[in-house]
Amino acid sequence: MKTTMNLKGLMAAGAVFALSAGAVAAQTLTVGVRGGPESLDPHYSALGSHAEAAKHIFDTLVWSGTDLQIEPGLATEWTPIDEDTWEFKLREGVKFHDGSDFTAEDVKFSIERIPVVSGPTTTTIYVRRVSEVEIVDDYTLNIHTDGPAATLPYDFVRLFIVSSEAAADYSTPETAAEGFNSGAAAIGTGPYKYVSWEPKGDLVLEGFDDYWRGPGAWETVIRKEIPNDSSRLAALKAGQVDLINYVSSVDYLALENDADVEAVKGDSVYVMNLQLDQREDTPMVFANDGSKLDENPLRNPLVREAIDLAIDRQTMVDIVLEGLGKPANQMMPPGFFGSSEDIPMPEYNPAKAKELLAEAGYPDGFKIELYCTADRLPGDGAICQGLGQMFSQIGITTDVNAISKTVYFPAQARLEYSVFMNGWGTLTGEASYTLGSLAHSNNPDVKLGAFNRIEYKNDRVDELLQAGATMLDADERRAAYEEAMELTMADKVYISIVQLQTVWGAKADTLEFEPRFDEDTLAYFVKPAN
Amino acid sequence: MLGFVIQRLLQAFAVMAVMSVIVFFGVYAIGNPVDIVIPPDATQEIRAEAIRRLGLDRPVWEQYGIFVANLVQGDFGRSFIYNEPVLKLIGGRLPATLELVLISVISATVLGVSLGVYAGYRPDSWVSKTIMGVSILGFSVPSFWVGLILILTFAVSLGWLPAGGRGDTVELWGIRWSFLTIDGLSHIVLPAVNLALFKFAMMIRLARAGTREIMLTDTVKFARAAGISERVILRRHLLKLISIPIITVFGLELGSTLAFAVVTETIFSWPGVGKLIIDSIAVLDRPVMVAYLILTALLFVTINFVVDLVFALIDPRLRTRAAS
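Heads up: the sequence lines are chains A and B, in that order.
Just so you know, this note's numbering puts 351 at position 351 of the first sequence, and the rest follows in order with no gaps.
Just so you know, this note's numbering puts 291 at position 291 of the second sequence, and the rest follows in order with no gaps.
Please keep in mind that the hints were generated in silico from the structure rather than gathered at the bench.
All values reported here derive from a predicted model rather than from experimental measurement.
Don't be surprised by glycine CBs; every beta carbon is placed ideally from N, CA and C.
Wrong hints could be hidden among the right ones.
Unchecked claim - So the derived label-pair ranges between C-beta atoms look like this: (1) Asp183/B with Glu178/A: 26 to 36 Å; (2) Ile30/B with Leu415/A: 36 to 46 Å; (3) Asn257/A with Thr153/B: 12 to 22 Å; (4) Val310/B with Glu178/A: 37 to 47 Å; (5) Asp57/B with Val407/A: 14 to 24 Å.
Can you make the complete structure from the sequences, with help from the hints?
Structural data, given as structure tokens:
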């Protein structure tokens with residue numbers, strides 16, 4: 001490995017990160033990816049790996065850049081024209097793969113198609129605020145919403161536009177998979193055309209010469225699904241693939257001594273958060289002898305402060321994650337819409353933590369069961385083990401349960417845990433996505449707080465988040481979200497630990513590309529190095 | 001004979017019915033797939049809608065009833081994850097597993113039996129001792145480790161063979177096969193060797209033990225005394241006599257490898273049913289898990305049924321005993 005640079009430094013330099021310079025320009029790019037699409041119908045699933053594949057064939061109305069801040073895509077501009085209407089201007093002269101023109105009709109068709117064909121990982125979330133789509137002319141749309149919808153453009157970063165003509169016959173739950181997976185309906189305006197695909201197998205694509213951003217560097221792109229981390233790396237080293245995503249931290253260390261392979265490190269959108277249950281009666285906290293406590297100590301601010309002080313974030317990054325992360329002080333990466341610069345980085349002070357515990361009435365500590373996944377995000381199980389040791393040092397005896405996500409998430413949804421750690425990615429790049437789901441109290445009436453599984457409630461936070469959702473002025477909204485973030489983090493019911501980083505691997509001296517916060521590997525933005 | 005067949009069929013049917021209950025309720029107990037697949041920014045309303053659409057809001061016995069009713073019509077349901085009929089999903093991947101398993105089990109048997117017979121025929125030669133040493137290795141080394149070592153050696157270091165995937169395929173009878181192209185064959189070699197190693201070792205040991213036993217019997221002594229050549233003794237007498245246990249084991253191994261080639265398929269990214277089931281478990285894709293387990297049960301029930309029939313045909317005593 002010759003060079004690594006994180007995205008922050010890269011953006012500062014304002015240049016595309018070059019893995020190296022000077023190599024032969026190949027016509028085919030073969031990428032080994034951990035996971036792929038569930039279907040080639042872009043409206044079927046909201047999973048990141050699904051959207052990543054879809055972005056090769058289809059375009060979105062609003063584009064999310066490498067730092068997840070929004071930019072024009074198929075829409076060139078958007079403005080709120082009254083309380084509950086957004087006007088979208090569309091890009092003219094865009095062609096579909098079959099040569100037909102892209103118009104407002106295709107957007108309307110795509111939006112209305114989503115609720116019909118969406119699968120369990122539902123894409124309905126992208127159009128949940130839309131009440132009606134009105135075509136003004138071929139390149140202008142008025143989108144009516146159910147009340148003021150400030151974040152509508154952010155919802156549209158995964159609104160993939162399909163051809164209303166090609167997909168007309170393939171827009172019921174029964175026909176959609178067949179039409180798109182065979183390629184008949186997989187006609188988009190994106191940089192690559194469909195050639196072939198089989199579930200969990202190879203997705204083969206061909207360059208589209210009339211792409212509106214200009215043709216890409218590759219004539220053919222093959223995305224191979226190789227879920228096993230070691231196998232993916234082996235495929236790269238054996239020369240079967242040119243580029244792989246999600247190099248594990250163990251392999252990353254080994255790659256530093258390997259001249260044939262280069263590793264690129266990029267900041268990830270995922271932050272690991274510890275969550276502390278706020279119910280009066282919590283199931284997994286006990287006195288030291290295993291008996292039940294009179295009250296839930298996690299409701300005591302002194303105890304929460306002590307837990308926060310017990311976490312040595314720098315050690316977590318350096319030792320546990322092999323350097324692949326950054327200490328975190330809030331639930332979003334810095335620079336995202338609604339993240340606050342006024343939140344201090346929490347200190348590590350176990351002595352003070354012990355004092356606070358004593359002051360709170362637990363001089364000898366207590367006992368907790370700590371739960372987390374071990375197979376979802378890089379290092380999740382290891383961070384959990386680290387936390388267990390750090391808590392034990394201040395007298396909170398911790399049983400660490402790093403388990404499979406298939407067991408963890410259902411149990412978490414049944415509210416069976418008291419102290420647990422989740423990775424959370426702010427995939428839309430703005431705070432309402434994160435705070436609206438986690439920090440708002442669980443309230444179906446206002447459609448907020450669906451993932452608040454610790455019964456956290458702060459009236460001021462609720463108020464700010466509800467107000468923010470209707471503020472059409474971006475600066476006002478940003479201020480509201482920043483305050484909500486500050487208040488949430490000050491309550492220390494969500495304790496952010498580290499922001500993860502992701503590693504890509506490529507053959508040395510062959511490719512250049514820029515890592516994205518959402519970890520997407522997009523062939524169009526990968527260039528041969530020369 | 002007809003009574004025997006009917007009796008065995010009824011037994012097989014009962015086993016399948018019990019299996020379907022165990023499998024369905026077992027998979028149901030693991031957890032709610034909704035908690036894995038629904039995106040975190042979904043509102044409560046969208047969540048409820050997804051649950052309703054998948055039919056997960058109904059009580060478990062009702063879900064089982066619907067499942068059985070569909071099953072009787074040959075419908076295993078649709079995958080939660082792929083929105084494709086489960087049978088099509090499994091059927092589409094079966095050829096990949098089938099060719100891999102057949103190639104590895106057959107070559108392990110042919111090679112293993114030959115070497116085993118040699119080792120039993122000349123037990124004291126150094127070649128035989130080497131063969132037995134190799135067979136111990138085949139038994140004792142875990143197959144995922146062997147897989148990784150194979151990849152490291154032949155794909156990464158030497159670059160002779162690909163590290164994974166299926167390579168070029170050719171369509172035959174509407175199904176895609178890899179073994180008909182050079183590229184596809186080169187992709188099969190490593191996973192097939194990985195999968196064959198254990199069976200190879202077992203066949204050596206079976207064949208050697210059988211050979212040693214039979215070479216000491218009177219049959220062989222008299223045959224030799226009668227002046228029959230060693231070659232004929234080996235081919236006509238010995239092979240026939242040791243083949244009964246070998247065929248039984250071959251059948252069972254074929255079944256279990258077909259059903260559980262999971263580790264090898266995962267390491268070599270081989271797009272077969274083993275990999276499908278592992279991926280499905282990871283996301284709690286219930287219809288695929290249930291269908292796969294039920295089909296596996298069906299496979300074993302069928303193998304046992306056929307084995308029973310064959311034995312009954314060979315040995316009339318079994319028929320009369322079962323009928324009385």
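Results of checking the hints against the structure:
Under the hint 26 to 36 Å, the C-beta atoms of Asp183/B and Glu178/A, about 29 Å apart, fit the expected range. The beta-carbon spacing between Ile30/B and Leu415/A, approximately 18 Å, falls outside the hinted interval of 36 to 46 Å. In this structure the supplied range 12 to 22 Å holds for Asn257/A paired with Thr153/B, their Cβ-Cβ distance being about 19 Å. Taken as a hint, the range 37 to 47 Å holds for the pair Val310/B and Glu178/A, whose Cβ atoms sit roughly 42 Å apart.
Between Asp57/B and Val407/A the Cβ separation comes to about 22 Å, which falls inside the hinted range of 14 to 24 Å.
Checked against the numbered hints given earlier, this structure breaks only hint 2.
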